[in-house]
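Quick note, in this note's numbering, the sequence shown goes up one by one and the last residue is 410.
Don't read these hints as lab results, they were simulated from the structure.
Heads up, some of the hints might be wrong.
Dumping the calculated DSSO-like pairs for lysine-lysine here, alpha-carbon to alpha-carbon at most 27 angstroms [to be verified]:
| no. | residue 1 | residue 2 |
| --- | --- | --- |
| 1 | 56 | 255 |
| 2 | 21 | 88 |
| 3 | 21 | 255 |
What follows is a set of in silico ranges between Cβ atoms, one per label pair, in the way DEER data are often shown [to be verified]:
| no. | residue 1 | residue 2 | range |
| --- | --- | --- | --- |
| 4 | 83 | 252 | 21 to 31 angstroms |
| 5 | 161 | 393 | 46 to 56 angstroms |
| 6 | 250 | 396 | 23 to 33 angstroms |
All C-beta atoms, glycine included, are put in the ideal place defined by N, C-alpha and C.
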Amino acid sequence: MTTEAKSGEGTQFPPLTWGVKLLILAGAPAVGLGISGPNIILPTIEAELAHGEFDKLLVKMLIGVTGAAMVIGAPLTGFLADRLGLRKVLFFNYALFTIAGSAGLYLSDLWLLTLSRFLVGIAGAGAVTASIIIINKRVDPDARASWMGAYITASYVCNIVLHPAMGFLGEQNWHLVFAPFLLFAPFALLALTSFSGPEPIVKADAGSPTVKEEPLLSWFPARYAVLGFMMGCIVYLPIVYMPFMMRDLGITNPKDIGFIMLGDTLAGIVVSMMFGRSRRYMSVNGNFMFAFATTAIGGAITAMAQGYWTVMLGMGIVGMGVGWFMPTLMYLIGTKVLPVQQGRTAGLVKGSNYLATPLVILAVQPLYLMWGPRFPILLSGLVSLALLIGVIWLIVQERGRERLAVSPAE
């Protein structure tokens, strides 16, 4: 699982323009805003628009349906990027993200709001998948870990501003929480002007022999898609159910919930900034161990919290682990496939990650109705603990094989 080979080693990579660098950094903030931006106002939307148990589930699915759409958007972007190039794909993604994301400013129908969130999911997943594709196809292998950490750090830096601002806006009117989506409109134009020269796409050159492409199942590392799904369960359960737990504690002000997300963000930014440096001293399994241990501890603390500051502490510890989830996974898959396969691999793995959102919400909703919002958050910690045990088991197995390989034959 952790044998690392540098995909694209020895290849001449095109220089990164400032516009391409901005597009790399914009992907994670876009998907973060798309998924978790409205979560602080879910109880408010439920009180205003929900008129029955199904409507209450539909309110939670404002997050879940976004994840479901991302299952489509991530692999679709990877497929189209390999064939059409990133310029056209990114223009479409950011234009759709801006239009659909800001639709909540004027929509008050729960079904139309859900539809707009579906479109946001397609576009947001496309934006972040494109960031990963750029890193794995256009960045020298030795610099990829630093850029993986940087693109996650950009998300946290934006969240430092956006979460308190959205909490303030939600306190005034829940519709205003959707205004920050308008900030991504310039990236649609940036996508059209930042890629110089021809883009590398899957297309045989004229006069060159046609190369038969291998079937997807023969090379795609499916185990990383499963891991991405499990990570999605860990990430999205606290995001969806923490505001409802705060409501049960008597805290309903969106601004207060926004500050909890700010604490989560500040913890994540510190850790994500260290990812590139950590690759000099830690194995991929070491990165995973840290990530799963902190999310297990943070999930347990949050689920058992009895007050505002304890929730903030728990969510902060969760944020520390989540800060290394995607950089570690995407760095790893970047070493496992050929450059021409990077787009589809990143898209499918991200798609499996987002698939967790709707499925886990539907799966735990009966448990939420029986035991309240604490149980789904605790469940996220238990999934982290299971993955931590799995990584430790892999490390033990690998070291055992290494000792057998170096021991003299008897």
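Hint numbers not upheld by this structure, sorted from lowest to highest: Going through the list in order, the structure violates hints 3, 4, 5, 6 and respects the others.
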